[in-house]
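Turn these sequences into a full structure, and let the hints guide you.
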Amino acid sequence: MDIATLAFSALYQFGDAFAFLVLSACGLAVIFGMMGVINLAHGEFIMCGAYVTAATVHAGLPLPLGILCGTLASAFVGVLVELLVIRHLYERPLDTIVATWGLSLIATQGTLILVGSTMAGVGTPFGSFQVGAYSYSIYRIVLFVAALAVLAALYALFNWTRFGVLARATIQVPHMAAALGVDTRLIYSLTFACGAGLAGLAGGLYAPTMTLVPTMGATFIMEAFVTVVIGGADVFLGTAPAGGLLAIVKSGMTSWQGQLFGQIGLLIAVIIVVRVLPKGISGFVLRERT
Amino acid sequence: MTRSGMRGLRAAALTGTLVFASGAFAAENPIKLGVLEDQSGDFAAATIGKVHAIQLAAEEINKAGGIMGRPLELVTYDTQSDNTRYQEFMRRVLQRDKVDVVFAGFSSASREAYRPIVDQFNGFAFYNNQYEGGVCDGHMVVTGAVPEQQFSTLIPYMMQTYGKKVYTLAADYNFGQISAEWVRKIVKENGGEMAGEEFIPLGVSQFSQSIQNIQKAKPDFVVTLLVGTAQASYYEQAASANVNLPMASSVNVGQGYEHKRFKPPSLKDMYVTTNYIEEIDTPKSKAFLAKFKAKFPNEPYVNQEAENSYLALYLYKQMVERAKSTNRDEIRKVIAMGDVCMDAPEGKVCIDPKSQHMSHTIYLAKVGADHSISFPKVWEDIKPYWLGEAGCDLTKKDPMAQYTPSNPPPKP
Numbered sequence: 117m118d119i120a121t122l123a124f125s126a127l128y129q130f131g132d133a134f135a136f137l138v139l140s141a142c143g144l145a146v147i148f149g150m151m152g153v154i155n156l157a158h159g160e161f162i163m164c165g166a167y168v169t170a171a172t173v174h175a176g177l178p179l180p181l182g183i184l185c186g187t188l189a190s191a192f193v194g195v196l197v198e199l200l201v202i203r204h205l206y207e208r209p210l211d212t213i214v215a216t217w218g219l220s221l222i223a224t225q226g227t228l229i230l231v232g233s234t235m236a237g238v239g240t241p242f243g244s245f246q247v248g249a250y251s252y253s254i255y256r257i258v259l260f261v262a263a264l265a266v267l268a269a270l271y272a273l274f275n276w277t278r279f280g281v282l283a284r285a286t287i288q289v290p291h292m293a294a295a296l297g298v299d300t301r302l303i304y305s306l307t308f309a310c311g312a313g314l315a316g317l318a319g320g321l322y323a324p325t326m327t328l329v330p331t332m333g334a335t336f337i338m339e340a341f342v343t344v345v346i347g348g349a350d351v352f353l354g355t356a357p358a359g360g361l362l363a364i365v366k367s368g369m370t371s372w373q374g375q376l377f378g379q380i381g382l383l384i385a386v387i388i389v390v391r392v393l394p395k396g397i398s399g400f401v402l403r404e405r406t
Numbered sequence: 005m006t007r008s009g010m011r012g013l014r015a016a017a018l019t020g021t022l023v024f025a026s027g028a029f030a031a032e033n034p035i036k037l038g039v040l041e042d043q044s045g046d047f048a049a050a051t052i053g054k055v056h057a058i059q060l061a062a063e064e065i066n067k068a069g070g071i072m073g074r075p076l077e078l079v080t081y082d083t084q085s086d087n088t089r090y091q092e093f094m095r096r097v098l099q100r101d102k103v104d105v106v107f108a109g110f111s112s113a114s115r116e117a118y119r120p121i122v123d124q125f126n127g128f129a130f131y132n133n134q135y136e137g138g139v140c141d142g143h144m145v146v147t148g149a150v151p152e153q154q155f156s157t158l159i160p161y162m163m164q165t166y167g168k169k170v171y172t173l174a175a176d177y178n179f180g181q182i183s184a185e186w187v188r189k190i191v192k193e194n195g196g197e198m199a200g201e202e203f204i205p206l207g208v209s210q211f212s213q214s215i216q217n218i219q220k221a222k223p224d225f226v227v228t229l230l231v232g233t234a235q236a237s238y239y240e241q242a243a244s245a246n247v248n249l250p251m252a253s254s255v256n257v258g259q260g261y262e263h264k265r266f267k268p269p270s271l272k273d274m275y276v277t278t279n280y281i282e283e284i285d286t287p288k289s290k291a292f293l294a295k296f297k298a299k300f301p302n303e304p305y306v307n308q309e310a311e312n313s314y315l316a317l318y319l320y321k322q323m324v325e326r327a328k329s330t331n332r333d334e335i336r337k338v339i340a341m342g343d344v345c346m347d348a349p350e351g352k353v354c355i356d357p358k359s360q361h362m363s364h365t366i367y368l369a370k371v372g373a374d375h376s377i378s379f380p381k382v383w384e385d386i387k388p389y390w391l392g393e394a395g396c397d398l399t400k401k402d403p404m405a406q407y408t409p410s411n412p413p414p415k416p
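Quick mapping for you: the protein sequence lines, in order, are chains A and B.
Using the numbering used here, read the first sequence as starting at 117 and increasing by one per residue.
Using the numbering used here, read the second sequence as starting at 5 and increasing by one per residue.
Mixed in with the good hints there might be a few duds.
Covered by chain B, according to a simulated footprint, are these stretches of chain A (three or more residues, beta-carbon under 8 angstroms) [what the hints assert, rightly or not]:
{"hint": "1", "segment": "236 to 245"}
{"hint": "2", "segment": "328 to 335"}
{"hint": "3", "segment": "364 to 373"}
I should point out that these hints are in silico values taken from the structure, not numbers from a laboratory.
Note that this is a predicted model, so its numbers are computed, not measured.
The beta-carbon is built from N, C-alpha and C at its ideal position, and this holds for glycine as well.
What follows is the structure, given as structure tokens:
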């Protein structure tokens, strides 16, 4: 087998693992990494996005519009959850664990009761292409591009827009932001909605490739949390390198020894990074500035 | 709510049940059946139908006068696809609810979690699920199909049709590992070779690298022993990467109706050996399906485990009526006669006294490009012979153990 084929296959596997880690983690990076809310219902926001995407596609919308609907639906649910539950718990971070865990149980069981144990899939678009002896799914490349686009959009949003500046100010020193006339409650709501929407986007993007069941969020949550934990507080500077590092470890170990070792390698990498860099990768990158 | 209010409610609920039970059957003492199945969690899609099948059979039996004139009462708990729940609820049904028999379990991990508790409290349990085989335990009756029924039919057929290089992709726990051992053994006996094997942890949903490993090994077909809804994502991902290899399985389609859940043609050329699926076109099967759909119109699919659970209740009725007792030792004397049989929706089934497993009609189901099912082959009356031949004889000795081809029963 020639070098180019091998190189492409390694790159493809890296991109695939990277996309999964980054897309799973982005929403959580905003809600947990940035806002400090330990959101155990993250997987259920993903499930919500996937379900709405599949339902709208079944109703006749094209897939990109379906994904948009899934994203918006999750963001909307995020606003409601923030208003009704999270808003009252910003001063009590440990209580948010219990509250969001409860929400996740309610969402999973509620979906099971209301929608049933499974939902019909929508099918993966675009087909496949061949490189050397291997054939690949084009949609996985789309997922990789989407992950890069989401990272770029988040960087732009939090660094170049007025909302991004206000959001960072509000989260860093809330009373100062309020004194300067910022409606901090609104900013918190919008930021939470942004995180929930990103989770919905991940669900929408992965909906065509996965089983649609009420417990599907659980398959994202481990990857999401470890990426955010080793990424640290900064959404862009944390999630992107953390996703890259973990993707290298995971795809390398999986191709060498199979899925089980991929998962073991991932968790060992996380333990090492947390031990060496307690503030995560972004804490390390930003240490000069603080 | 106040404490006394709660107590009042609970009392009302209790009397409600009592009134209901006594309304139909004078003062007869009910036969209690514990039902421990996953009604939520990762396995729910495949197992909710089992609970419904038991409810259907219980309703029919009660309408027809119960078992020996005694009504059947179900004590149902949701085990949530969680092994520790099985242990907790198995203790509860045996110790507190004092049920006469328990129908329990989907995954082999859950069965091995609760089986020592059944043995410890001297209970009696039916495992109505296909599995990796080898359980030689007098406290258990197994109505599901086992490897000698599913693989010794399926693998030779696939090797004749497609070729001798086989790749196994299996769930990484006792079911997948032992089933893969069976596949290895049968492939070798038939002069084939294993192109590769990979074991996937439960809950994994991303398969890009596994797909590439399969393409690298270039097998003639892939044996997929994937369990749980997360792992079912493999089919969609393999189809979109255009793997385009025939697949063979003992669990998929017949349990998780993947051909209904995924968009065609992702399960094209999937071959499954199963003792029942709702597409089977015989009058008995159609009648069973019609009864099922009449009671549960929204049931997404009636799978093999639903049929196993349904027929198990009728087999239990027959055993109790012939033994004139719900005592396990009396019932096992009836099983030992070797003629506990019935005409089930799949065809005739009988319980093998040596292993307390069941003979089956095995249907080879093929999934077409449009996800329609055809049956290229049917094997009638395939016996669960392995345990008996290997040396398990429950009519003589009860070792309460599980055996595998590499760990057979000790020679006497």
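Hints and how they fare:
Restraint check on the segment 236 to 245 of chain A versus chain B: 8 residues with Cβ-Cβ distances below 8 angstroms, three needed, restraint holds. Counting residues of the segment 328 to 335 of chain A whose CB lies closer than 8 angstroms to any CB of chain B gives 7, which reaches the minimum of 3, so the coverage claim holds. Look at the segment 364 to 373 of chain A against chain B: 3 of its residues bring a Cβ nearer than 8 angstroms to a Cβ of that chain, three or more, so the hint holds.
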